[in-house]
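Participant: Residues per chain are reported as follows:
2 protein chains.
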Amino acid sequence: MVNVAFQGERGAFSEIASMKYFGDGVSVSPSFSFEDVFIKVKNGSVDFGIIPIENSLYGSVFETYDLLLQYSLTIVGELNLQINHCLLANQNYKLEDIKKIYSHPQALGQCSIFLKTLKNAELVPAYDTAGSALISLQDKGVPSAAVASREAAEIYNLKILKSQIQNNRENYTRFLIISKKKIQDEFQNPKTSICFELKNIPGALFKSLSVFALRDINLVKIESRPIPHKPFEYMFYADLTGSLEEERVKNAINHLSEISLSIKKFGTYEAGKTYKS
Amino acid sequence: MVNVAFQGERGAFSEIASMKYFGDGVSVSPSFSFEDVFIKVKNGSVDFGIIPIENSLYGSVFETYDLLLQYSLTIVGELNLQINHCLLANQNYKLEDIKKIYSHPQALGQCSIFLKTLKNAELVPAYDTAGSALISLQDKGVPSAAVASREAAEIYNLKILKSQIQNNRENYTRFLIISKKKIQDEFQNPKTSICFELKNIPGALFKSLSVFALRDINLVKIESRPIPHKPFEYMFYADLTGSLEEERVKNAINHLSEISLSIKKFGTYEAGKTYKS
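In the order they appear, the protein sequences are chains A and B.
At position 14 of the first sequence (counting the first as 1) the number is -5 in our numbering, and the numbers step up by one without a gap.
At position 248 of the second sequence (counting the first as 1) the number is 229 in our numbering, and the numbers step up by one without a gap.
Chain A extracted, bound-state conformation (with noise of 0.2 angstroms):
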């Protein structure tokens, strides 16, 4: 049975995530943080892990952009889940009763137009939006609901108040597989992972997407992230289509490292699917 690690409580979007990746045999291992979940892919205690890379309306996880770059794995797939926050409480509760309501501070942002109507409800942030399923479940008398998924409901047993609360419904979150090896040589849509540090000349980065644009691949996404101890100096991670394997690809990396310090290459992978949670 295949083993994955993700980040959360069970009934986490990330464990929905990897239940649609790999089908609903998939043996979960949750997580405390996302680091946990390199660590557990790195010394071999579970197959993969699945993370989330970038969110359609928040944008990109800079941590585990920061994680990727930090561990060796290879990034071996990807899909789109898109986000259906639910407000659940205890069974007894109706709408009007709720006093306390917590969640992940970014699922509260997604939530607010509905929030706001809630006038006598205190918003109160949490570490992960399974978790807060958790504490309002054990509310303690406060009548207290958490905004998570549907199978958060499922697993704690508690009552979706109301579905689809988010404030903008084309809410979705793209998660990356990551392994310790690379599993898959035949793609039908390749995508590839890169990261680099680019030299301090004018021009630099300009110059880096001209290694791909002269070669007709297409970048994706890139994304700069700071450099630890170089205040306002960035790493680049880009998505392109193609694979690794491909001439055009390993030409336009070897072009790229004239102008790069250092390129690290996560990995080719199947471009993702969507799906609903």
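Dumping the calculated DMTMM-like pairs for lysine to aspartate or glutamate here, alpha-carbon to alpha-carbon at most 25 angstroms:
no., chain 1, residue 1, chain 2, residue 2
1, B, Lys202, A, Glu214
2, B, Lys202, A, Glu44
3, A, Lys246, B, Glu214
4, A, Lys180, B, Asp197
5, B, Lys100, A, Glu16
6, A, Lys257, A, Glu151
7, B, Lys97, B, Glu77
8, A, Lys81, B, Glu16
9, B, Lys1, B, Glu135
10, B, Lys246, A, Glu214
11, A, Lys188, B, Glu239
12, B, Lys211, A, Glu151
13, B, Lys97, A, Glu44
14, A, Lys245, A, Glu178
15, A, Lys188, B, Glu228
In case anyone wonders, no lab produced these hints; they're calculated from the structure.
Following the hints, complete the assembly by docking chain B onto the known chain A.
Facilitator: What follows is chain B alone, placed relative to chain A:
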């Protein structure tokens, strides 16, 4: 007297940034959210707003980028503030007494190495650093502390149990000063901020950078942000050296408009100095 709105409680790093930029005589207006800062500037109830745009370890503050686009305000200045996180508590507590430590999750993360050494203390997420100082002030008998600024200790009469507790001393936040209209025409080191949405054509990002590279205009920073309702399409925010009054910058932006669906100019301002907090 100059009146400046910032997000957070008294003692927030944004307030410190206001005093560094405008001097101690400034009158400050604490605000609940970043958006409230923009609203106060827009409706004229303050002269300026000050907002964080980027941290040297954690990257860009996405919400600020989105609000810059949403409200038509002008960027009139910037500064960098070195962040010094302190552990604050009521005067009668010692370090080993502390049972709960409150702060913004990012501040807790920035001090994780030191905080791990306090085995008896539980880390509790809060909305902001200065607000967590307020919480620890009212600790109701549970020995509590907060990760916040040196100034927050002074304002709330708390004791600094330990200073400089951040993992990495090279921790800087860049702040922008926003106003309803431009206030300056002459610059020694002008910087200009713009954003643009590219047409969906091959190599569009490469072409957009070329309009600057071909005119020897240095791109200091480029950041992509998701476009709401267009999943995985992006707006690009760019900082460049030079003024909107310069011919070559005007030409570059005209050239950029040929490949963009829209361009917004946020203003020209003097490149910022760096201060210690």
